Amino acid sequence: MIDLHLVHNVRAKDLVQEPIRKGFGRGLLKAGEIDENVVAACADLTSSTAMNLFAEKFPDRYIEIGVAEQNLVTVGAGLAAMGKVPFVSSYAAFSPGRNWEQIRTTICLNERGVKIVGSHAGVSVGPDGATHQMLEDIALMRVLPNMIVIAPGDSLEAERATLALAADKDHPAYLRLAREATPIITTDKTPFQIGKAYVYREGKDITLISTGTMTYHMMVAAEVLAKDGIDAEVIHVPTIKPLDEATILKSLRKTGCAITAEEAQIAGGLGGAIAELAAEQCPVPIKRIGMRDRFGESGEPNELLQHFGLTATHMALAAHEMLSRKAK
Amino acid sequence: MHIWLPEPATTAIITSSMRQIYSIDELELIANDIRQDIIKMLLEAKSGHSAGPLGLTDIFTALYFNVMKHDPKNPDWDDRDILILSNGHCTPVRYATMARAGYFDRAELMTLRKLGSRLQGHPERTKLPGVETTSGPLGSGLSQAAGMATAMRMDGQHHRWVYVITGDGELNEGNIWEAAMFIGKNKLNNLITIVDRNNIQIDGPTETVMPLEDLRGKWEAFGWHVLEIDGNDVEAVIDACSMARAIVEKPVVIIAHTIPGKGVDFMEYDFHWHGSPPNAEQAKTALKELRTLRGRIKSEADHD
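Protein chains in written order, with my numbering: chain A, 5 to 332; chain B, 76 to 379.
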């Protein structure tokens, strides 16, 4: 197994936490320093989406759009047409929540390499409630031809993903970010490639597949399972589309069952993607953890993860259930 | 307030291969040819929009044969002006004009809307060089043009313009006014918008479906300079574009009053022709009328 240079102990009390969006902000600044064609636009949420670093360093390459998400992505399409590498950001609930058709026609069908950045995705947005907790964005973006969909697992990975997207000039992409501080489980040496899934932990009994903020919780779940004598494999899938089918199928064939986890609707989300793949190529028992056809609500982030069954404990329980269903 | 002014060209501006200068009479003949091609295309395709393309023909003729800097043999030429057709359903007029200008062979016009054609029912950039963007769903062309004009400014590209054509029914779309606000704020004077004010949309007259008036007042309130012209007068279109390029303190919108279905009397002013093609008999009548009109243009030209 390739050394991914992850932190040694995900259960360490002193694990550093940082909002994933902050990594995006650093990555965008670096991308701007590397390539003068990198430009940014935002719909009145410059600091919240962490674009302020870029805006301060490159005011001439930063465009304030105001609260107008349809204009945000279509101006982006125009910028890309002239050779720019535009990153356009808002809250995920508004972009891509409100401007899907413009993304479909002027970016995906039109093949323009706009990078759509949706922050504050998932229920862990917290007290703002269901209107602002975007859960359908993965499904909305994954269904579009030509679209890349990435949900980084921590702020360092968000930084790497941003740099990778800036270098991948021609392709439309959606970058999904979370608001709350998330434990950092990778390091400066951890690799990132668009379209690659990473085996964070090797095991033979069950495959735990997750994306975004849920990967930390899956790693903790694997530790819990280990105490019960279960050898779980954990695969982190930052790129939900294009899906790294080879890595996932190899694991499913080895373990014979899986659970998936995401802070999003499982319908059309990562769970949907894995179930589609498995159904066609390696049908094994799969339990999908995420939002099941319902909206979120106000509350503290940790309360909400508990309330909606998105913790390591829930994942470990689901793993036991799948193991009992696995073909002997 | 800082106003972004075009700087004098430091080197000679390269002119395109469209060097030929056409007289107004010649342009009217070209427009007539294009209208005939539109009728033939729609008949062959058996579906598509008639009224808008016929109404827009004089504007397209002016843009491609006089106003714009472009090169049919090099559609991606770096210094070209850009034309965004926001109301993509009017694409037959663009295809017919591009073919006349030499972008592709006119015979290809007969493939409109057919399987495997580069001439999709609504225009797709990746299918046909020179189309500039993919459109059809209304309201997004102005914003894309704004992005292009902004990028040109960032790169210090002077003497280069983005022209946008929108429908009037299209102005129902919220995206248009988001763009209008943005362009007004940034005083994008390298972007020239032409509204095809033909007063019809699918469900009926624009003022019945969703009133647009005071249309001039709306644009002015968003910080735009408004010109109003007869959009079926080629010379007026050329003059308005010249004036628009000379106005630097505000973005310019040209409200071009056009007659939907222009040139074919039974189609003129009738909103039922918005989304329908002619049948064989109607096409025959339309072509006959256009040929007769052509005779009139020619004879008038002869008298000059």
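Hints may contain errors.
In silico negatives: residues of chain B with every beta carbon more than 10 Å from chain A [claimed, not checked]: (1) Thr208; (2) Gln219; (3) Gly222; (4) Thr225; (5) Met227; (6) Asp230; (7) His233; (8) Ala254; (9) Phe257; (10) Glu282; (11) Val301; (12) Ile322; (13) Val323; (14) Arg366.
Here are the computed lysine to aspartate or glutamate pairs in the DMTMM-like style, where the Cα-Cα straight-line distance is at most 20 Å [claimed, not checked]: (15) Lys262/B - Glu115/A; (16) Lys260/B - Asp278/B; (17) Lys202/B - Glu206/A; (18) Lys262/B - Asp174/A; (19) Lys173/A - Asp156/B; (20) Lys202/B - Glu68/A; (21) Lys61/A - Glu364/B.
Don't read these hints as lab results, they were simulated from the structure. Note that the structure is predicted; figures quoted are calculated from it, not measured. Just so it is clear, CB atoms sit at the ideal spot from N, CA and C, and this is done for glycine as well.
Taking the hints in turn, this is what the structure says about them:
1. Thr208: violated (6 Å)
2. Gln219: The assertion about Gln219/B is violated, with a minimum of 4 Å to chain A.
3. Gly222: The assertion about Gly222/B is violated, with a minimum of 2 Å to chain A.
4. Thr225: violated (7 Å)
5. Met227: At about 6 Å from chain A, Met227/B fails to clear the 10 Å cut-off, so the statement is violated.
6. Asp230: Per Cβ check, Asp230/B is inside 10 Å of chain A; nearest 7 Å; violated.
7. His233: holds (14 Å)
8. Ala254: violated (6 Å)
9. Phe257: violated (6 Å)
10. Glu282: Its Cβ never comes within 10 Å of chain A, the nearest being 25 Å, so this holds.
11. Val301: holds (21 Å)
12. Ile322: The claim holds: Ile322/B sits with its nearest Cβ about 21 Å from chain A, beyond 10 Å.
13. Val323: Holds, because the least Cβ-Cβ distance between Val323/B and chain A comes to about 20 Å, which exceeds 10 Å.
14. Arg366: The claim holds: Arg366/B sits with its nearest Cβ about 38 Å from chain A, beyond 10 Å.
15. Lys262/B - Glu115/A: Answer violated: Lys262/B to Glu115/A is near 28 Å, above 20 Å.
16. Lys260/B - Asp278/B: Not OK: Lys260/B and Asp278/B at ~33 Å, beyond 20 Å, violated.
17. Lys202/B - Glu206/A: Given pair Lys202/B, Glu206/A is violated - Cα atoms ~46 Å apart, limit 20 Å.
18. Lys262/B - Asp174/A: At roughly 29 Å apart (the allowed maximum being 20 Å), Asp174/A and Lys262/B break the hint.
19. Lys173/A - Asp156/B: violated (23 Å)
20. Lys202/B - Glu68/A: violated (32 Å)
21. Lys61/A - Glu364/B: violated (63 Å)
Consistency note: the structure conflicts with the earlier hints numbered 1, 2, 3, 4, 5, 6, 8, 9, 15, 16, 17, 18, 19, 20, 21.
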